[in-house]
Each structure stands twice: as structure tokens, then as C-alpha cells.
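Peer 1: For reference, the chains in residue letters:
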Amino acid sequence: MPPKPHLALLAALLFAFGVQHFSDQFNPYYLDVLTGIGINVILAVSLNLVNGYTGQFSLGHAGFMSVGAYLSAAVTLYFAPRWFGEDGGTAWQEGGLFLMALLAGGLSAAFAGLLVGVPSLRLKGDYLALVTLGFGEIIRVTFQNVESLGGALGLNGIPPYTTIFWVLAFVAITIFVVTCLVNSTYGRGFLATRDDEIASEAVGLNTTRYKIVAFVIGAFFAGIAGGLYGHFKLTITPTGFDFTKSIEIVVMVILGGMGNTLGVILAAILLTLLPEVLRPVAEYRMVLYSFLLIVLMLARPQGLFNFKFGKSKA
Amino acid sequence: MLRITDLSVSYGAISALDGISFAIEQGAIVTLIGGNGAGKTTTLRTISGLLRPKAGRIEFLGEDITKLRPHQIVARGLCHVPEGRMIFSNLTVDENLAMGAYLQSDDELIARNRDYVFSIFPRLKERIRQMAGTLSGGEQQMLAIGRALMGNPKFLMLDEPSLGIAPRLISTIFEKIVEINQQHGITILLVEQNANLALEVSRTAYVLETGHIVMQGESKQLRTDPQLKATYLGG
Ligand SMILES: Nc1ncnc2c1ncn2[C@@H]1O[C@H](COP(=O)(O)OP(=O)(O)O)[C@@H](O)[C@H]1O
Ligand SMILES: [Mg+2]
Chain L
0 MPPKPHLALL AALLFAFGVQ HFSDQFNPYY LDVLTGIGIN VILAVSLNLV NGYTGQFSLG
60 HAGFMSVGAY LSAAVTLYFA PRWFGEDGGT AWQEGGLFLM ALLAGGLSAA FAGLLVGVPS
120 LRLKGDYLAL VTLGFGEIIR VTFQNVESLG GALGLNGIPP YTTIFWVLAF VAITIFVVTC
180 LVNSTYGRGF LATRDDEIAS EAVGLNTTRY KIVAFVIGAF FAGIAGGLYG HFKLTITPTG
240 FDFTKSIEIV VMVILGGMGN TLGVILAAIL LTLLPEVLRP VAEYRMVLYS FLLIVLMLAR
300 PQGLFNFKFG KSKA
Chain C
0 MLRITDLSVS YGAISALDGI SFAIEQGAIV TLIGGNGAGK TTTLRTISGL LRPKAGRIEF
60 LGEDITKLRP HQIVARGLCH VPEGRMIFSN LTVDENLAMG AYLQSDDELI ARNRDYVFSI
120 FPRLKERIRQ MAGTLSGGEQ QMLAIGRALM GNPKFLMLDE PSLGIAPRLI STIFEKIVEI
180 NQQHGITILL VEQNANLALE VSRTAYVLET GHIVMQGESK QLRTDPQLKA TYLGG
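Sequence order for the protein chains is L and C.
In this text, residue positions in the first sequence follow numbering that gives the first Met the number 0: the first is 0, and each later residue adds one.
In this text, residue positions in the second sequence follow numbering that gives the first Met the number 0: the first is 0, and each later residue adds one.
If we strip away everything but chain L, and leave its shape as in the complex, we get (with noise of 0.2 Å):
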């Protein structure tokens, strides 16, 4: 952690005030890729509190994605159109109406982590790992049959909102909560939670507590990436959050090396630029991911970017 975080957020953020300034003299191309990357940062950072420092094993951030994404892209569309009207409003009064959108999005993810997290976070590991892939495809489902959000079809014509300060200030504010908290004295109770359950109660923590917290923390940011990605494709559909997104992002995690918020940033964006980079083949995308899988698993079992920097946590 650097060692004034308050000053790198508030540097992070006028950087991507910055980066946005000058975003017209930028390639649209390396924009958009940069946008992918930064939506899949938050992702996987955020999934790193829960499966990484509390090690609770999560399949559902997928889900809690695309919760914040209908919720958010439902807002844009329901009141873009009677506040601004056809012109469209400027850009502050866009930028607020996204805001609020975004954190509409990721308080309902947050709500939807509350409700599956307490009564599922008693269970442990495989359980966990099944009852969240269970209400990953819940989630799918019933975005698939309600008709008001678009069925199978999804939602169309979200307006553009997402632009790369937007994301730029979410990455920075994901990395920001997730190291203050992980580095706290109350944050290392996650970690001491990771580390021995039976001697975190015995010392006094309330473990069920921490994880119900860690996981709620996660679906939030998981919302907030949801409702960025859904103003930036324009357009969502219930089978783009289905469970190969999750487990696209738990092995960005488990590449990362569980509970090294540094590695699972380098992997999410290593995992992200690989397709790009490899276009041609881009059908083997998961060909590829379930071989690195397997390749990391044998080779390098406590994550390919888990070097000690210091006093690392993993």
C-alpha cells in the first residue's frame, strides 16, 4: 500500500480526469480495450476480497454483474429520455445521472450479495462454490423472462455513458477500498479468517460477519462493473453474464495469486488484452484459459504474479 493512499486515490483520479481530457487524440480502438480492461480490473480485484483474502470460493460475481448492469442500464433508460428529451442533457448533468445510475446498480448487486450471502456463507467451501453458480444462472433466468427488461433480447439503446474517466475513477476507487480494508485492523480479520476459522472465533471474530461483509463489498463493485460494461456495449443480454464470465474471472484471481491485489491486477489485464492480441483464434479463447488453468495449477500453484514485494500477503 503506498503511503499516503488518500493521495494516490485523489492523484488516480485526476489522472483519469486527465486521460479523459485528452481521450479524442487516442486511438478509439486502444480506448475501448482500455475500457475492457479497466471493467475487468474491477472485477477481479473486487472477487479477490472474497475468494482471495477471505477465501471463500465465489462462482457468482458474474451474477452480481449483471444485477448492476439491468438495474443501472434501467435507470439511464427510464429517466435520460424525461429529463434531457432528445437532445440529451450536458455532460455534468449526464455524468450525474450516470452516477447516479452506477451506484444504483451496485448498492442492488450489494443487496442481491446480502441475500444470498447469509444464508449460503455458512456453508463451506465446495457448497459456497455451488449455491453462487446456482444463483448465477437464477439471476439469468429471470432476466431472460422478464419482459420489461428486455426478455432473451436484453436491453437495447443504453445511452453511451461509459467513458474512460468513469472507468479510470472505478478502478482507482475499487483498488482504493479493497487495500485500505484488506490493510486495516479490522480488514486483517479477513485475512485472519482465511488463515483459521476455528482460531478467529477463538480469539473473538465473527467470521460469518466478515465473509457476509467481504462478499457484499465484492457484489458492489461486481454492480458497478455491470452498469459501466452496460453503457459501454450499449446493449445487454441475459447470456453475457452467464458462468463462463465468472470463471473468467475467478482464474484472473487464481492467476493473480489469491489475496495479491498487484498480481490479480496484472493478470486482469493480461487475460484481457490475450484475446485481443490473439483475434485470429479467438474462438479458443477458453480453450486457452482452461489450458493456463491447468498450466498455472502444475507450474505455479500459488500464482504466476505472486512475487513477495515486501511484506506480501499471499
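In case anyone wonders, no lab produced these hints; they're calculated from the structure.
Keep in mind the model is a prediction, meaning the values are calculated, not measured.
Backbone N, C-alpha and C define an ideal beta-carbon position, used for all residues, glycine too.
There could be a bad hint or two in this list.
Computed footprint of chain L on chain C, listed as stretches where at least three residues anywhere in the stretch have a Cβ under 8 Å from a Cβ of chain L [what the hints assert, rightly or not]:
hint: 1; segment: 65-71
hint: 2; segment: 92-98
hint: 3; segment: 204-216
The calculated DSSO-like cross-link candidates involving lysine-lysine, where the alpha carbons are at most 30 Å apart (straight line), are [to be verified]:
hint: 4; chain 1: C; residue 1: K175; chain 2: C; residue 2: K219
hint: 5; chain 1: C; residue 1: K66; chain 2: C; residue 2: K53
hint: 6; chain 1: L; residue 1: K123; chain 2: L; residue 2: K244
hint: 7; chain 1: C; residue 1: K66; chain 2: C; residue 2: K153
hint: 8; chain 1: L; residue 1: K123; chain 2: C; residue 2: K53
hint: 9; chain 1: C; residue 1: K124; chain 2: L; residue 2: K123
hint: 10; chain 1: C; residue 1: K153; chain 2: C; residue 2: K175
hint: 11; chain 1: L; residue 1: K3; chain 2: C; residue 2: K66
hint: 12; chain 1: C; residue 1: K153; chain 2: C; residue 2: K219
Residues of chain L placed beyond 12 Å of chain C at every Cβ, according to the derived structure [unchecked claim]:
hint: 13; residue: A11
hint: 14; residue: A128
hint: 15; residue: G188
hint: 16; residue: V202
hint: 17; residue: V250
hint: 18; residue: E275
With the hints as your guide, set chain C with the ligands onto chain L.
Peer 2: Just chain C with the ligands now, kept in the frame of chain L:
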């Protein structure tokens, strides 16, 4: 100080404790000995709230704590050093101690307890920034005891502190246990398979066998008991 009445615990259909009763006076070192699978760990985990009893009652300082959650029990000054040196291996020595003081809010008291832990286990001070997982077995046991002391206990329960530790360190650790009891007035319940050592440092002893207390008395007398000698004292 601690009174257990007719305590029964089972894992599913398997009964592990079958109506045991005992009482421990303030200031004592009491030991609970018994072979592997006798129910010693189960007893400690039930007292500290990690397991729910099927029947029976646990009173601490006159209060019924049978239904309390582990953190509420720790908050009342009853701390548990779990079996098998369950330290937080990915946290440093210092962070492990800080976790032990998780429920403490008085910074002065925390600092005093920390100094006290370092005074009885100077080795921990030398390794303060080291990851706990890299400590030796004996050092991890010291850390587990130190971590429990950070919870400012009135009553300390130790589950087989001699397990898997170099013989040289075992005697050090037992000396420290006596020191904690005598200098700090902390009442101790010591669970051991190593009956010789446990009877040497304790005042009273209970012998547990497949979920029943089969013998109890002054440790001094039990040490010479022919039946006990044959079963637990290797001779
Ligand atoms: N988690 C568990 N599930 C089922 N049975 C258990 C479990 N833990 C202990 N037991 C059983 O309960 C009995 C007492 O075990 P334990 O309290 O660990 O004994 P001790 O600590 O004296 O060696 C044993 O028969 C053991 O097999
Ligand atoms: Mg045991």
C-alpha cells in the same frame, strides 16, 4: 470460577461427551488428561462456544454462558488456545498478537499485555515482523499462547501445548504456563496427552475416557495411582 454440569456433546449421531461435570476454582491450574479421542478438544471447544452442547450447562463467574457466541465468551475473559497451533500464518507475529486483542479497546492495556507477552516469550519479540507461518513449532505455540494473553484473559484454556514440539521447548513452555498462572493470577485449564508433565504442573486433575470422567483428584496423588500409571504414565 468455571462450573460444567452434565455436559453432553455429539457430532451428528456420534456422541463425544456423555454428561461430564467438573468445577474449577479461581487461581488454580487444573489439567484434563486422556488418550487420543477421549473428548478433550471437544470439551474445550464447547466451553469456548465453538461447539453447541446437546445437553448440560456451563457457568463462568456465576453466569450461564452455555448459549453465548464465541466472541461473547472471549469478551468475558475466557480465552482458548486451540489444538495444533492454529496461528494466522499469513499475518506477522505482531499482527497475530493484534488479532488476539481484537475485542480490546483500551490501548494502554493492549500495550501492557503486549509487553507482558514479550517479557515471557522474548523470542517473539525478536521475530516481531516475521510471517507467523515461518516460525518453528515451538515458536508458533508461544505465539498462540501470547495471542490468547492479548485477550486479557481471566481464564486460559490450553489444548495440548506440548503436541509436536521439540522436547527442549516443551519444558520452557510449561514453565511459562506456571509463570502465567502464578505471576498474573490467570486460572488455567490444561489439556494434555502428556500426563506426566501435566500432573507435575497442576493442582487438580480429571481423567477423561471416551466421553466420561473416570478419575479425578489431587495431581500429586494421581501421579502415584497404580491404575493411572499403567495406562497413562508409561509404567
Ligand atoms: N469434527 C468431528 N466430527 C465427527 N467426530 C469428531 C469430530 N471431532 C472429533 N470427533 C470425535 O469425537 C471424539 C472426541 O474427539 P476429541 O475431542 O478431538 O478428542 P481428544 O481431543 O481427546 O483427542 C472422537 O471419537 C472423535 O473421533
Ligand atoms: Mg484433541
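Peer 1: So, for every hint listed, does it hold in this structure?
Peer 2: Each hint tested on the structure:
{"no.": "1", "hint": "65-71", "verdict": "holds (count 3)"}
{"no.": "2", "hint": "92-98", "verdict": "holds (count 3)"}
{"no.": "3", "hint": "204-216", "verdict": "violated (count 0)"}
{"no.": "4", "hint": "K175(C) with K219(C)", "verdict": "holds (20 Å)"}
{"no.": "5", "hint": "K66(C) with K53(C)", "verdict": "holds (11 Å)"}
{"no.": "6", "hint": "K123(L) with K244(L)", "verdict": "holds (23 Å)"}
{"no.": "7", "hint": "K66(C) with K153(C)", "verdict": "holds (20 Å)"}
{"no.": "8", "hint": "K123(L) with K53(C)", "verdict": "holds (23 Å)"}
{"no.": "9", "hint": "K124(C) with K123(L)", "verdict": "violated (35 Å)"}
{"no.": "10", "hint": "K153(C) with K175(C)", "verdict": "holds (16 Å)"}
{"no.": "11", "hint": "K3(L) with K66(C)", "verdict": "violated (44 Å)"}
{"no.": "12", "hint": "K153(C) with K219(C)", "verdict": "holds (25 Å)"}
{"no.": "13", "hint": "A11", "verdict": "holds (27 Å)"}
{"no.": "14", "hint": "A128", "verdict": "holds (22 Å)"}
{"no.": "15", "hint": "G188", "verdict": "violated (7 Å)"}
{"no.": "16", "hint": "V202", "verdict": "violated (5 Å)"}
{"no.": "17", "hint": "V250", "verdict": "holds (22 Å)"}
{"no.": "18", "hint": "E275", "verdict": "holds (35 Å)"}
Of the hints listed earlier, those the structure fails to meet are numbers 3, 9, 11, 15, 16, in rising order.
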